[in-house]
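Undergrad: With the hints as constraints, model all of the structure from the sequences given.
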Amino acid sequence: MVVSRLQYIRRRLLLAVPIIFFIIVLNFLLIQIAPGDAADVLAGEAGSATPEYMDQLRRKFGLDQPIYVQLLTYVSNVATFDLGFSFRHNKPVSELILSRLGPTLLLMVPVLLISVSMGILLGAIAARYLNRWQDKTISTVVVLTYATPVFWAGLMLIVLFSVKLGWFPTSGMEKIAAFHTGIARIIDIAHHMVLPVITLTLFYIALYTRLMRASVIEQNTMDYVTTARSKGLGEKRVLWGHILRNACLPVLTMAGIQAGALLGGAVVVETVFSWPGLGLLAYESLFARDLNLLLGIFFISACLVVLVNLAVDLLYASLDPRIELK
Amino acid sequence: MRDIFRRFARNIPAVFGLVILVLVMGAAFFAPAIYPQGPFEMVGKPFLEPLTDYLLGTDQLGRDLGVGLLYGARVTLQIGLISTLIAIFLGLTIGGTAGYFGGWIDTLLMRITEIFQTIPFFLFAILLVAILKPTLGSVIFAIAVVSWPPMARLVRSEFLSIRNREFVQACIVMGMGHWQIIFKHVLPNTLSPIIVTGSLMVATAILIESGLSFLGLTDPNVMSWGFIIGSGRSVLRTAWWVCAMPGIAILLTVMAINLVGEGLNDALNPRLKNI
Amino acid sequence: MLAQKIQKFMSLVFTFGLVMLMTQQVSAQAVPKASPTVTPQQGGTLVMVVQPEPPTLASFLSTAGPVGQVATKVYEGLLEYDFKLTPQPGLAKSWKVSPDGKMITFKLQENVTFHDGKPFTSADVKFTVLDVLKKSHPRGINTFRALQAIDTPDQYTAVFKMSEPAPYMLMALSGYESPMLPKHIFEAGDVTKHPNADLPIGTGPFKFVEWQKGQFMRFDKNPSYWKKGRPYLDRIVARFIADGSTRAAVLETQEAHIAGFNAVLPVDVRRLEKLNHIGMTTRGYEMQSPIVELDFNTRTKPFDDVKVRQAVAYAIDRKFVVDNIWFGFGRPATGPINSNFKANGLYTADVKNYNVTNGIEMANKLLDEAGYKRGADGVRFEITHDITPYGEEWRRFGEYVAQQLGKIGIKVTLRQEDVPAWLRRVYTNYDYQLTNNWIQTLADPVIGVHRLYHSGSIRQGTVFVNGTRWSTPETDNLMNQAAVEMNSKNRAKIYHDLQKRIVDASPIVFVHELDFVTVHNKKVQNFLVSPLGLYSTFDQAWLQK
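Protein chains in written order, with the numbering used here: chain U, 10 to 335; chain Y, 562 to 836; chain X, 959 to 1503.
Rather than coming from a laboratory, the hints here were simulated on the basis of the structure.
We put the beta carbon where it would ideally sit given N, CA and C, even for glycine.
You may find that some hints are simply not true.
Derived DMTMM-like pairs (lysine to aspartate or glutamate); straight-line CA-CA distance at most 20 angstroms [claimed, not checked]:
hint, chain 1, residue 1, chain 2, residue 2
1, X, Lys1323, X, Asp1462
2, X, Lys1369, X, Asp1263
3, Y, Lys694, U, Glu293
4, X, Lys1151, U, Asp73
5, X, Lys1277, Y, Glu602
6, X, Lys1310, X, Asp1462
7, U, Lys69, X, Asp1156
8, X, Lys1179, X, Asp1192
9, X, Lys1093, X, Asp1109
10, U, Lys100, X, Glu1168
11, U, Lys184, X, Asp1178
12, X, Lys1084, X, Asp1109
13, U, Lys69, X, Asp1148
Chain U residues, not near chain Y, derived (Cβ > 10 angstroms throughout) [said to hold, decoys possible]:
hint, residue
14, Pro60
15, Phe94
16, Leu121
17, Leu166
18, Ile207
19, Leu328
TA: Right, here's the structure in full:
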């Protein structure tokens, strides 16, 4: 049963609600398994907390309530888009997430754009010159970069380009003490972005190149290509117009998945480069037992995945008329 | 069968990858025989450079890095293989059931799969290991849990397409039981994409494990390659070899697995045509 | 992380000779003398690396270490201290202790203003100490327990009235331990949930400007600071960097100027100190005196047997640990009291020595005597060893201990958890056998040491107290006596006896005395002006251009 686009969107969004609900409940329950709570963490840091002080903290955080009450409170708050308060950072969770969202996007969007476009390009070239030197070179380099652990690549890049050569800063998003504004700030941030973006891009380019290459090879076997060739269509131009459009689809799906995983995916790079993104925030919140913050990040991340998947499916449908929205 | 082997053998990168894998597995297998004292033994002066007293140098506690790499092969492969096997099993069960039976079973199982695919996988892995305390078991479990959804999707679509083929319809009409149909007819035909995807999953598992180790989430009693990198992270500038060597080991192994996986793919699905 | 744990017991409460303080009457200069031999240059931004990021700026609510490094630039205390650990004037320009010790009259500095322009008066002192510190500060609750009232006859006089003499209280009045808060801001609302907790307004040389979580805090020069001509710096920026090697790198590339409390890992310190522009010091931590130790659970097998505990103490090569795991920063420990106390005679090295060359042999003998014979596989028994979750060096330490104990027939399984889980396990559930740990012994044994061995300190659910649950009536008695003994020679004798007994019973293996390191760019001058080190206001610090 084919439906209109609007109906489709509405249906998908409605279906997403139970999924996101499940994710929150699952993670909430999982965290309960971990021994110790936020009061323990703060007590550990403060160094001299008495049981009374810790009870006081627990009351303040609402941790003295039975678990099902805590869960109910949290879920009903999320339903009204109130993500709660982070007691560790003393700020509303939504504010915290928003403040770290910028840096995360600054990292992930360039990575996504560069790796997808370069991946499509290199994959197409490799497939075009299948088994010739272009293909062999690209494929070899790609396998190597894919296999390199991301954090290792990051550390090596820092050692070479920051410490030895001094071309790029070692860490952070901007030069702290300078307090640039305007253009100077943009340039400064861009300067800091180079190494972390390169580190992540290396891996993803490899991924998309391989995907694209395999996809183009597969498209080559399709009937419509044989038909087009036998019709005498100019090999390079028109064929590429046809093949590319179809071969891109799996790459776009993958990119969609990556975009969805955007928020938490860069924990390792953020750690190495001290990039103040959401991945690092989530990691820290786990060890601080900052429930609201951790769940908030998972929630936002899940919402993003749902939206991106929806967008990709809609894009598919518009690119490939054979696909129907059901 | 013989065709498959022949196609594979002609693929030089794949053979190269296979050789490396055999070496790695050999190291894993023979490590306890060659160095029974284990990789944690403090045998020499700390921070000896490679090619001095010890081939690959020593780490902060004076442990032989070469022995560490050999034992690390064991642990790393163990983690990679077992977690992948579990993920494949989960994927097969869930995806297969969904694809074969269809209907509400399919919808339900796919919703569940969607849930797990919607959670950011690396964060979830960190969460699981941290909660369950970092041990060999919890790391394997965490990697398996975040890896099965893509396999489930693959199996489902394969089962779905095969189930709708005529010969399967014929079996159903003949009154053959579901289990028989699945094991005799459907499964064997889906084997090749599962094998290929599964082999690539081992590589991903190894990369995830090294990422977790880097963040400190590793079993302190077992020396995996990721563990060695984690231990060498703070001394990267003074004793680069502690990070570099296992990093290279991971690189080679993951690369080898990928080459073999692609070789398998090409051998099992010979649809290559020159443009 | 190590630094996080380091900050546990930051306390300025120490008694350095009760007799000196009981009847001391001090009249002091209006402003502590700065002693640069070169003229300080004005201007510049000092970049400090603080690890980990402080959870809050409310130093009146949290004694977490990193808080002390930043909040002390904004808030000040009634007193400051010199390297002889003698109180110096701070916001109090003079003070008098009554002969019976129950009353202290503080005369405050005049014409001091808070960062919002309002004046600092005795009303602020009364509010801060009675309404905030005594009620909600983790240590203040105890420090000010004897304090009953504060009279404020005029705006520059505060009279502390105690129910009994409390000489240690005079040591707890630094800007770190007892920051003076503006009453007009904090009296409205709940101080434990106050919006100004992270928007501090104090009297200090620097004003809080901005805190970008995960990145930095910024403090600008206070133009109306009461010490004329100070501070010299225009700005202080505290930077938070998660990765250890990166922290070292920013000092190397001169993006940052100073990092203390081992924010730069010891291994990197060794590398950085060879550079021309880098200086390093282990001073400025005299009030901490940390000791690295192995804690036993003395109530369960196998460590309820003193012979087994002694065997473990013999098995550790302390020099190896210091040299290879802590890169030489420290020295082998002998007992529960840090050798820093040699200065006042409280320390003695005349105790049972476990740091011998035939340690393994001795350990094996003891275990045989204790009845734990080796099995066919050479193993006597198995244990689980918990690793304190504060950083890489503790993991290496755990791995080392596992190997050494393997040599004497104890099979060790290592366990690693995160902070809250570990704290719960050790201090609430007592569900451990052996754990590594480190404790600050602070500036007087009464504060830092008694809480680890006294039976009264066995408090389930309270962290960093007597977690081994070991105690004896004899040692309890000794500690009770030492707390009130006025004669320093007698006091030393009591503590010598105490050390001997504790070391014999070995409820804790004393591994080594830890040295904290401050790595700094040589351009930074005058940051080390008191034993508080990085916990001082930096009003005298300046940057050479």
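Undergrad: Next, verify each hint and record whether it holds.
TA: Quick rundown of the hints versus the structure:
Between Lys1323/X and Asp1462/X the CA atoms are separated by roughly 17 angstroms; this keeps the pair inside 20 angstroms, and the hint holds. For the proposed pair Lys1369/X and Asp1263/X, the alpha carbon gap of about 17 angstroms is at most 20 angstroms, so the pair holds. A threshold of 20 angstroms between alpha carbons decides the hint, and for Lys694/Y with Glu293/U the separation of about 16 angstroms falls inside it, so the pair holds. For the proposed pair Lys1151/X and Asp73/U, the alpha carbon gap of about 18 angstroms is at most 20 angstroms, so the pair holds.
This hinted pair checks out: Lys1277/X and Glu602/Y have alpha carbons roughly 18 angstroms apart, not beyond 20 angstroms. Restraint check: the Cα-Cα separation between Lys1310/X and Asp1462/X comes to about 6 angstroms, which is no more than 20 angstroms; the hinted pair holds. Pair hint Lys69/U plus Asp1156/X holds up; C-alpha atoms about 17 angstroms apart against a cutoff of 20 angstroms. Taking the CA atoms of Lys1179/X and Asp1192/X, the gap is about 5 angstroms. The hint holds against a cut of 20 angstroms.
With a CA separation close to 18 angstroms, the supplied pair Lys1093/X and Asp1109/X stays within the 20 angstroms bound. Annotation: proposed proximity of Lys100/U to Glu1168/X holds, straight-line Cα distance about 14 angstroms (limit 20 angstroms). In summary, the hint linking Lys184/U to Asp1178/X is supported, as the alpha carbons are separated by about 17 angstroms, within the 20 angstroms threshold. Proposed proximity of Lys1084/X and Asp1109/X is supported: the alpha carbons are some 8 angstroms apart, at most 20 angstroms.
Taken as a hint, the Lys69/U and Asp1148/X pair is honoured in the structure, with Cα atoms around 12 angstroms apart against an allowance of 20 angstroms. With a least CB separation of 25 angstroms from chain Y, Pro60/U remains clear of the 10 angstroms interface cut-off, as annotated. With a least beta-carbon separation of about 21 angstroms from chain Y, Phe94/U lies farther than 10 angstroms from that chain, consistent with its non-interface assignment. Listed as outside the interface, Leu121/U is consistent with that label: its C-beta sits roughly 15 angstroms from the nearest C-beta of chain Y, beyond the 10 angstroms cut-off.
Taking the minimum C-beta to C-beta distance to chain Y, about 12 angstroms, the non-interface status of Leu166/U holds against the 10 angstroms cut. No Cβ of chain Y approaches the Cβ of Ile207/U within 10 angstroms, the least distance being about 17 angstroms, so the stated non-interface status holds. Residue placement check: Leu328/U keeps its beta carbon more than 10 angstroms from all beta carbons of chain Y (closest about 20 angstroms).
Violation of the numbered hints given earlier is absent; every hint is satisfied by the structure.
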